[in-house]
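**Q** Spelled out from the first residue to the last, the chains are:
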Amino acid sequence: MELRSYIIRRLLLLIPVLFGVTLFIFGITMLFSPVQRASLYITDPKQLVDLPTIIQMYGLDKPFFVQYGTWLGQVLRGNLGWSEAGSMPVADAIWHSLPATLELAIFATPLIIFLGIFLGTKAAANKDKPLDHGTRVMAILGWSLPTFWLGLLLMMFFYGFLNWFPPGRLTDQMQILVDSAAFIRYTHINTIDAILNLNGPVLLDALRHLVLPVITLSVTHVAFIMRLMRSSMLESLGKGYVLTARAKGLDERVVVNRHARRNALIPVITVSGYVFAGLASGAVITETIFSYKGIGWWAWQAAVRLDIPSILGFALFSGVLFVFINLVVDILYTRVDPRVRLGGGLQ
Amino acid sequence: MEDLVKIRDLTVRFYTYEGVVHAIDDLDLDIRQGETLGIVGETGSGKTMTALAILRLIPYPGRIESGSIAFFDRSLPDELELLKLSEDRMRSIRGCKISMVFQEPGAALNPVFTIGDQISEVFLLHQRQELGRQAKQRIDSLLGNGSSLSASLRRPFWRWQRRLYNKIAQEPRPFEPRLISHLPFFRRLLWRLKDEAGLLTVNMLKDVEIPDPARVAAHYPHELSGGMKQRAVIAMALACSPELLIADEPTTSLDVTIQAQMLELFRRIKVDKGASVLYITHNLGVAAEICDRVAVMYAGRLCEVAGVEEIFLHPLHPYTKALLDAVPKPGKELQTIPGALADAFNPPPGCRFHPRCLSAMPTCQQERAKLKEVSKDHMVACHLF
Amino acid sequence: MSDWRFTARQLVKNPLSLIGLVIIVIFIIIAIFAPLIAPTPAGHLHPYMIPRDGYFAEPQPPSEKHILGTTQGQYDIFYGVVWGTRTAFHVALVVMSITVLIGIVLGSLAGYFGGVLDEVIMRITDIFLAFPALILAMAIVAGIGPSLKSIMIALSVVWWPSYARLIRGDILQVREEDYVEASRGLGASSPRVIIRHVLPNAIYPTLIMASLDIGMVVLSAAGLSFLGLGTPEGYADWGQMTEFARNWMVGPPGDPFKYWYAVITPGLFILFFVLGWNLLGDAFRDIFDPRLARR
Numbered sequence: 000m001e002l003r004s005y006i007i008r009r010l011l012l013l014i015p016v017l018f019g020v021t022l023f024i025f026g027i028t029m030l031f032s033p034v035q036r037a038s039l040y041i042t043d044p045k046q047l048v049d050l051p052t053i054i055q056m057y058g059l060d061k062p063f064f065v066q067y068g069t070w071l072g073q074v075l076r077g078n079l080g081w082s083e084a085g086s087m088p089v090a091d092a093i094w095h096s097l098p099a100t101l102e103l104a105i106f107a108t109p110l111i112i113f114l115g116i117f118l119g120t121k122a123a124a125n126k127d128k129p130l131d132h133g134t135r136v137m138a139i140l141g142w143s144l145p146t147f148w149l150g151l152l153l154m155m156f157f158y159g160f161l162n163w164f165p166p167g168r169l170t171d172q173m174q175i176l177v178d179s180a181a182f183i184r185y186t187h188i189n190t191i192d193a194i195l196n197l198n199g200p201v202l203l204d205a206l207r208h209l210v211l212p213v214i215t216l217s218v219t220h221v222a223f224i225m226r227l228m229r230s231s232m233l234e235s236l237g238k239g240y241v242l243t244a245r246a247k248g249l250d251e252r253v254v255v256n257r258h259a260r261r262n263a264l265i266p267v268i269t270v271s272g273y274v275f276a277g278l279a280s281g282a283v284i285t286e287t288i289f290s291y292k293g294i295g296w297w298a299w300q301a302a303v304r305l306d307i308p309s310i311l312g313f314a315l316f317s318g319v320l321f322v323f324i325n326l327v328v329d330i331l332y333t334r335v336d337p338r339v340r341l342g343g344g345l346q
Numbered sequence: 000m001e002d003l004v005k006i007r008d009l010t011v012r013f014y015t016y017e018g019v020v021h022a023i024d025d026l027d028l029d030i031r032q033g034e035t036l037g038i039v040g041e042t043g044s045g046k047t048m049t050a051l052a053i054l055r056l057i058p059y060p061g062r063i064e065s066g067s068i069a070f071f072d073r074s075l076p077d078e079l080e081l082l083k084l085s086e087d088r089m090r091s092i093r094g095c096k097i098s099m100v101f102q103e104p105g106a107a108l109n110p111v112f113t114i115g116d117q118i119s120e121v122f123l124l125h126q127r128q129e130l131g132r133q134a135k136q137r138i139d140s141l142l143g144n145g146s147s148l149s150a151s152l153r154r155p156f157w158r159w160q161r162r163l164y165n166k167i168a169q170e171p172r173p174f175e176p177r178l179i180s181h182l183p184f185f186r187r188l189l190w191r192l193k194d195e196a197g198l199l200t201v202n203m204l205k206d207v208e209i210p211d212p213a214r215v216a217a218h219y220p221h222e223l224s225g226g227m228k229q230r231a232v233i234a235m236a237l238a239c240s241p242e243l244l245i246a247d248e249p250t251t252s253l254d255v256t257i258q259a260q261m262l263e264l265f266r267r268i269k270v271d272k273g274a275s276v277l278y279i280t281h282n283l284g285v286a287a288e289i290c291d292r293v294a295v296m297y298a299g300r301l302c303e304v305a306g307v308e309e310i311f312l313h314p315l316h317p318y319t320k321a322l323l324d325a326v327p328k329p330g331k332e333l334q335t336i337p338g339a340l341a342d343a344f345n346p347p348p349g350c351r352f353h354p355r356c357l358s359a360m361p362t363c364q365q366e367r368a369k370l371k372e373v374s375k376d377h378m379v380a381c382h383l384f
Numbered sequence: 000m001s002d003w004r005f006t007a008r009q010l011v012k013n014p015l016s017l018i019g020l021v022i023i024v025i026f027i028i029i030a031i032f033a034p035l036i037a038p039t040p041a042g043h044l045h046p047y048m049i050p051r052d053g054y055f056a057e058p059q060p061p062s063e064k065h066i067l068g069t070t071q072g073q074y075d076i077f078y079g080v081v082w083g084t085r086t087a088f089h090v091a092l093v094v095m096s097i098t099v100l101i102g103i104v105l106g107s108l109a110g111y112f113g114g115v116l117d118e119v120i121m122r123i124t125d126i127f128l129a130f131p132a133l134i135l136a137m138a139i140v141a142g143i144g145p146s147l148k149s150i151m152i153a154l155s156v157v158w159w160p161s162y163a164r165l166i167r168g169d170i171l172q173v174r175e176e177d178y179v180e181a182s183r184g185l186g187a188s189s190p191r192v193i194i195r196h197v198l199p200n201a202i203y204p205t206l207i208m209a210s211l212d213i214g215m216v217v218l219s220a221a222g223l224s225f226l227g228l229g230t231p232e233g234y235a236d237w238g239q240m241t242e243f244a245r246n247w248m249v250g251p252p253g254d255p256f257k258y259w260y261a262v263i264t265p266g267l268f269i270l271f272f273v274l275g276w277n278l279l280g281d282a283f284r285d286i287f288d289p290r291l292a293r294r
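Protein sequence lines correspond, in order, to chains A, B and C.
Each step along the first sequence adds one to the number in numbering that gives the first Met the number 0, with nothing skipped, and position 150 is 149.
Each step along the second sequence adds one to the number in numbering that gives the first Met the number 0, with nothing skipped, and position 259 is 258.
Each step along the third sequence adds one to the number in numbering that gives the first Met the number 0, with nothing skipped, and position 123 is 122.
Among the hints, a few may not be true.
What the hints assert, rightly or not - Here are the simulated DSSO-like pairs of lysine-lysine, each with C-alpha atoms no more than 30 Å apart in a straight line: (1) LYS121(A) / LYS83(B); (2) LYS272(B) / LYS369(B); (3) LYS205(B) / LYS193(B); (4) LYS83(B) / LYS5(B); (5) LYS193(B) / LYS272(B); (6) LYS238(A) / LYS126(A); (7) LYS369(B) / LYS5(B); (8) LYS371(B) / LYS83(B); (9) LYS126(A) / LYS12(C); (10) LYS257(C) / LYS12(C); (11) LYS126(A) / LYS83(B); (12) LYS128(A) / LYS83(B); (13) LYS238(A) / LYS205(B); (14) LYS83(B) / LYS238(A); (15) LYS128(A) / LYS12(C); (16) LYS272(B) / LYS83(B); (17) LYS5(B) / LYS371(B); (18) LYS375(B) / LYS5(B); (19) LYS257(C) / LYS292(A); (20) LYS83(B) / LYS369(B); (21) LYS320(B) / LYS371(B); (22) LYS12(C) / LYS238(A); (23) LYS135(B) / LYS83(B); (24) LYS238(A) / LYS193(B); (25) LYS238(A) / LYS128(A); (26) LYS12(C) / LYS121(A).
Said to hold, decoys possible - Which chain A residues stay away from chain B? Per the calculated CB distances, all over 12 Å, these: (27) PRO15; (28) PHE63; (29) VAL136; (30) LEU152; (31) PHE156; (32) LEU161; (33) TRP163.
No lab work stands behind these hints: they were computed from the structure.
For every residue, glycine included, the Cβ atom is placed at its ideal position computed from N, Cα and C.
Build out the structure end to end from the sequences listed, making use of the hints.
**A** Here it is as structure tokens:
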């Protein structure tokens with residue numbers, strides 16, 4: 000009961016933020032000429048020829064808020080305009096590129112979480128010993144590394160030299176197979192679809208193409224989560240319940256893994272949620288380097304070609320997605336930390 | 000009375016960034032069977048450290064430099080030298096033969112586990128064999144009664160479980176159950192142990208006078224009041240009927256009315272369980288209430304130790320006298336002890352108390368006073384005697 | 000201010016922060032003495048545009064004329080990375096100044112006065128923080144038109160909300176302190192209270208953190224440049240130089256690492272620059288976070 004009202008309350012609070020987000024995006028559009036803005040509404044480039052009619056139809060000469068309303072109406076109906084760069088409606092472009100980004104996010108997030116938690120716990124348990132210092136240096140290096148440079152280096156070695164992990168999502172042959180009628184598309188996420196189709200070769204091919212992008216994507220985040228976990232563990236290990244646990248006669252391993260870590264995980268899990276949100280809303284640089292055609296890649300294409308409707312469409316989509324995933328993370332947090340659970344207690 | 004714990008020449012030092020702290024300096028102390036010994040002193044006197052030293056839980060950067068702590072476990076013929084035991088052996092003593100209650104119950108309890116789980120943990124750790132036996136008995140009754148169809152179907156499963164729990168009951172480190180407990184999913188097969196532990200937990204909570212113990216056990220620490228939390232912590236400490244219960248200022252963080260209830264509880268524990276209690280406090284009034292003997296510490300050293308009446312009526316050490324005088328009395332002017340607490344890094348030479356002592360003599364600056372028995376069961380460490 | 004001396008001593012003791020300090024000093028020297036280290040050739044008008052030795056696309060390996068080789072389009076790598084240091088500092092200082100300024104002003108207003116003002120400012124930061132940083136920056140740059148200036152504007156827009164929140168939080172903490180009450184009790188006016196009492200204590204650690212975010216700003220700017228959304232072609236900018244190397248990251252079959260100099264050098268400069276600031280930042284964080292340090 001409590002949880003439901005909490006969710007409803009949060010959703011309601013979300014509305015002003017979403018309004019602000021859309022208003023902000025729309026405000027940016029007003030910086031552009033009527034022709035460019037017209038592209039926001041049409042679904043067929045041929046319509047551009049007849050500009051005056053478009054201006055009439057969508058009221059592009061009306062006052063700001065009327066235009067905002069019209070535009071918002073369009074957006075809610077799923078029309079985000081026409082993309083020059085993609086030669087398709089923006090909404091379609093987003094829809095088609097979302098699975099790729101999700102695939103990256105789905106593989107990268109667990110890796111980041113487990114590696115980060117593992118290394119962070121080890122670092123905390125070995126405070127000030129070589130392992131701690133070693134991981135700290137690794138972490139600082141990790142988040143100082145330009146991801147694009149790392150990606151290039153990895154490609155140079157693992158693709159150029161060893162030819163183990165090529166860029167892109169699938170090799171051409173596999174792509175043809177996947178696009179054909181023999182392969183049923185459930186989610187457009189290659190790995191999942193491959194499993195559902197019980198197709199081994201496609202699965203392996205997809206995984207092969209995932210290795211480098213996932214590693215590139217993960218390095219910075221693992222560094223961050225690891226340090227967070229370390230400081231969280233150190234804080235937890237200094238708490239009274241750890242001493243109590245030892246006084247009960249528990250093995251040091253149990254004390255660390257069961258008592259200290261469970262508490263230390265709380266902030267880390269929430270941050271991991273935000274990491275996932277960030278990844279799902281587009282890992283631009285990584286996708287660009289590896290030609291992994293997800294939302295990030297599209298956003299880059301749009302930005303470079305100054306395809307205004309696309310950029311704004313992506314920004315809007317990313318923003319809204321980000322906000323919603325954050326909300327989910329916040330709700331998850333209440334499940335993870337008993338102190339924040341909604342409900343009564345007893346005196 | 001016989002001795003339960005004999006501390007001799009205990010020295011504990013802390014090697015900090017800013018210098019070396021002599022937390023405990025050549026301490027000699029006895030805790031007798033069935034008695035409640037109070038340790039009284041100001042902050043930094045070393046009272047908490049003494050408790051932690053007994054349990055060998057001195058935190059880094061502290062070290063137990065030298066000394067011996069002899070423990071006479073009634074179930075064993077010989078005495079145990081606690082400072083020389085293996086860590087494994089020490090762990091079997093912690094929480095079982097010697098347990099501790101800390102000052103802040105809120106901090107001592109883990110916020111992400113229920114009260115019941117945290118208390119059950121002690122049973123699962125130290126009384127596993129007993130729990131196995133109980134589980135086996137329960138299965139035996141199931142096997143005896145079941146004549147229904149569902150019962151006959153589950154028979155073989157029960158029989159396997161019975162074998163499992165029997166193993167736990169018989170052997171100290173049984174292979175099969177241990178393997179199972181390490182596998183994440185199959186761990187659940189040992190649920191009967193948890194159940195039995197749960198029953199013992201509820202009984203324990205009842206013992207510490209917590210109302211509606213079954214419901215309380217299912218709650219999280221933050222949902223309980225301070226008094227209830229402390230009771231739960233006491234329940235956790237008493238779970239395995241320890242020989243020695245160490246209580247480090249257990250009532251300090253609670254309000255006065257709850258304090259009174261707590262003291263009542265401690266008195267009852269003394270009577271019912273027959274355990275010895277090492278009660279650490281800075282409050283003389285509380286010490287007077289429930290202790291049989293009182294030891295006074297200052298700056299890591301023992302000043303005086305005597306029976307509770309004796310020490311309050313005939314305090315010998317100047318520090319003890321000053322402490323008693325410092326207790327606010329209505330109508331009288333507030334007495335304080337002149338000077339400041341001994342510097343932890345550079346304590347005064349000789350007797351640590353001499354800078355603040357009204358009866359200080361020249362020898363006090365040079366030599367440390369040895370503990371002497373001045374009258375029956377009354378020991379003082381002071382040059383005046 | 001024995002505080003400063005203590006901090007300085009801690010920094011020098013810690014080997015990691017010492018390395019960071021050394022790295023930063025080296026970069027500062029490179030930036031200041033750029034015209035001496037890599038002189039602009041005579042007749043070359045714009046010192047920040049890397050001189051080209053022809054228009055041939057393929058990068059050339061290090062030689063006498065080009066100490067670190069040339070990258071795509073025959074831009075001298077050595078010149079590029081040296082002057083790129085100046086660009087990096089330029090971007091970092093501009094963005095940090097704007098961000099911290101806006102952050103301090105809005106954060107203080109929100110934190111000190113609370114109420115409706117606080118709510119409004121917080122909602123505004125929420126809106127900005129609702130977007131993934133890079134995508135928002137990209138949208139802004141695309142909207143204004145790619146250039147160094149638009150990168151700086153975009154990064155400022157993306158960064159200021161975090162600082163406003165940080166400073167607001169600091170101010171909320173300090174606001175309740177006794178000396179603030181005391182000063183108010185003596186009749187000091189609000190701005191005076193803020194500027195003389197609240198602000199200095201609240202923002203000291205935040206300012207330190209801010210100056211150490213310089214590394215991350217440069218990293219983001221390099222990212223945007225890499226994506227082609229930054230400086231015009233041929234500008235001395237590390238990110239752009241890395242982008243040039245992109246087409247050449249895999250050499251011909253049999254010699255895959257042929258163009259290593261074009262790929263590795265600019266990236267290495269970015270890495271070390273950011274590393275230096277992050278090492279220092281990590282050391283500062285240890286000093287200011289009482290939970291972690293201290294034996």
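**Q** Each hint should be assessed against the structure and marked as holding or not.
**A** Quick rundown of the hints versus the structure:
1. LYS121(A) / LYS83(B): holds, 29 Å
2. LYS272(B) / LYS369(B): Violated: LYS272(B) and LYS369(B) sit about 35 Å apart, past 30 Å.
3. LYS205(B) / LYS193(B): holds, 18 Å
4. LYS83(B) / LYS5(B): holds, 14 Å
5. LYS193(B) / LYS272(B): With Cα atoms ~25 Å apart, LYS193(B) and LYS272(B) stay inside 30 Å; holds.
6. LYS238(A) / LYS126(A): holds, 16 Å
7. LYS369(B) / LYS5(B): holds, 17 Å
8. LYS371(B) / LYS83(B): holds, 28 Å
9. LYS126(A) / LYS12(C): Measuring from Cα to Cα gives roughly 18 Å; hence the hint holds.
10. LYS257(C) / LYS12(C): violated, 42 Å
11. LYS126(A) / LYS83(B): holds, 26 Å
12. LYS128(A) / LYS83(B): With Cα atoms ~26 Å apart, LYS128(A) and LYS83(B) stay inside 30 Å; holds.
13. LYS238(A) / LYS205(B): holds, 28 Å
14. LYS83(B) / LYS238(A): Measuring from Cα to Cα gives roughly 28 Å; hence the hint holds.
15. LYS128(A) / LYS12(C): Given that 30 Å is the threshold and the Cα spacing comes to 17 Å, the pair holds.
16. LYS272(B) / LYS83(B): The given pair, whose Cα atoms are some 28 Å apart, holds under the 30 Å limit.
17. LYS5(B) / LYS371(B): Holds - the C-alpha atoms of LYS371(B) and LYS5(B) are around 16 Å apart, at most 30 Å.
18. LYS375(B) / LYS5(B): Satisfied, since the Cα-Cα distance of roughly 19 Å is no more than 30 Å.
19. LYS257(C) / LYS292(A): Holds, at about 28 Å.
20. LYS83(B) / LYS369(B): holds, 26 Å
21. LYS320(B) / LYS371(B): holds, 17 Å
22. LYS12(C) / LYS238(A): Roughly 29 Å between the alpha carbons, so the hint for LYS12(C) and LYS238(A) holds.
23. LYS135(B) / LYS83(B): Not satisfied, since the Cα-Cα distance of roughly 37 Å exceeds 30 Å.
24. LYS238(A) / LYS193(B): holds, 26 Å
25. LYS238(A) / LYS128(A): holds, 21 Å
26. LYS12(C) / LYS121(A): Judged against 30 Å, a Cα distance of about 25 Å means the pair holds.
27. PRO15: Holds: least Cβ distance 32 Å, greater than 12 Å.
28. PHE63: holds, 50 Å
29. VAL136: It holds; VAL136(A) is separated from chain B by about 23 Å at its closest Cβ, greater than 12 Å.
30. LEU152: holds, 38 Å
31. PHE156: Fine: 37 Å to the nearest Cβ keeps PHE156(A) off the interface.
32. LEU161: holds, 36 Å
33. TRP163: Holds, because the least Cβ-Cβ distance between TRP163(A) and chain B comes to about 33 Å, which exceeds 12 Å.
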